[in-house]
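Make the full structure from the sequences, and use the hints.
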Amino acid sequence: MAGASAGAGEADASTPTVLLPTAAAGLPSDAGPARAGDPPPTGRIEGVFWALSAPSTDALCRACRSAGGTVQGALTVADWITRAAVTRTPLPVLAAATVPVNCRPHVVPPLAADACVCGSAAATVGGTLAADTPVGAAVRAVTTAVRAAVPRQPADWLWRLLHAPASLPAATLMDSSVGVSPVAPAYGGGALVVGDVLFFRVGGGDAGGGGGDDGPRAHV
Amino acid sequence: MVHAHTFDGRLHVACNATVPGVAAAWATASAAALHAAVAAVADGSVGTLGELWAVAAAAAEAAGATEKPVAC
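Those protein sequences? They're chains A and B, same order as listed. Okay, so the first sequence: first residue is 1 according to the working numbering, each after it adds one. Okay, so the second sequence: first residue is 1001 according to the working numbering, each after it adds one.
FYI, nobody ran anything at the bench for these hints, they're computed from the structure. Any given hint could be a false lead.
[Unchecked claim] Among chain B residues calculated to face chain A with C-beta under 8 Å, some are:
1. C1015
2. A1039
3. D1043
4. W1053
Built from N, CA and C at the ideal position, the CB exists for glycine as well.
Okay, structure coming up:
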C-alpha cells in the first residue's frame, strides 16, 4: 500500500496516477529484486485498474463466506498465485504479503460501521501454495492468519494518526466507505470519497485526485 | 502493490504496477492475470491453486506478458 503524496495532477480520469517519492516507488516487492549499485527508481507510478461486475462481486463475497474466508483473503491468494503465474514459477511456492486490516474494533472511540479504515494498518501473512490446495482452503487460511495477527498489532498509532495535525503527510491508507471517512478529524474540513478517489481538504484548499485540482492528491 | 475496495456493489482493484524501470506491458499483463484469477474465484470455475495458476498464466500470456515479470 502506498502512501500517496503528490503534486498537481495531469492525469486524465481514465488513467489515475500518483506521484510518489522515490523511496515509496522502490519497494522490492513491486519493482523486483534490487541489485547492488542500481540507482533508485524515479518517476511516475501509474495504475492499472479493473473492476468486477456487481453480480461477480456478489458471487465473490458469497464464495469467500462459504469458504470461511473474506474477500481480502481471496485477493491475497489471487495475488500470490498471479505473481507465481506471471513469473512462470511452478507451485508449490512460499509467499508472503502485507495486507490491510480492519481496525474498527481497535479504535477508541469506536468508528461507525460505515467508516472503514482497512488499509490503515497492516498485518503480514504468509504460507505455502501447493497446486493441489483447494482455493477455498487457501482463502480461509489467509483470513485466519490475518485475524490472528491483528491483536498483535499496536492499534494506538492509528488513533494518533486519525487525530494528527493536518501537516501530517498523506498516510498509507485505503478507504472503502462512500461519503464518510475516518480521516476527517485529521483534515479539518473532512474528506469525501467519490468513486475511487478520496478527496481531502488540506490547509483550506481542496485537494482531490479525480480532476484538475492544483493541490496535493491522494488515490486510495 | 494492489489496492482493492468495494463501492456501488462492485469490487474495484487498482494495481500500481508501472513503477519506473518496469515495462508497462507487464503492468497490464499482471493486472489482467489478477483480474482473471479473482474472477475465477468468484465464479467457482477453479477448484485448486494449480488451476488458478493456470488461469492467471493464460491471462497474462494473452495480455502480452513477454518481458521481465513484475507482480502488481
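Please check whether B:D1043 passes as an interface residue: C-beta within 8 Å of a C-beta belonging to chain A. 6 Å, holds
Please check whether B:C1015 passes as an interface residue: C-beta within 8 Å of a C-beta belonging to chain A. Holds - the Cβ of B:C1015 comes within 8 Å of chain A, reaching about 5 Å at its closest.
So, as I understand it, the hint says B:W1053 touches chain A; can you test that by seeing if any CB pair is closer than 8 Å? 5 Å, holds
Hint validity - B:A1039 Cβ closer than 8 Å to any chain A Cβ: 6 Å, holds
The structure fails none of the hints (numbered hints given earlier).
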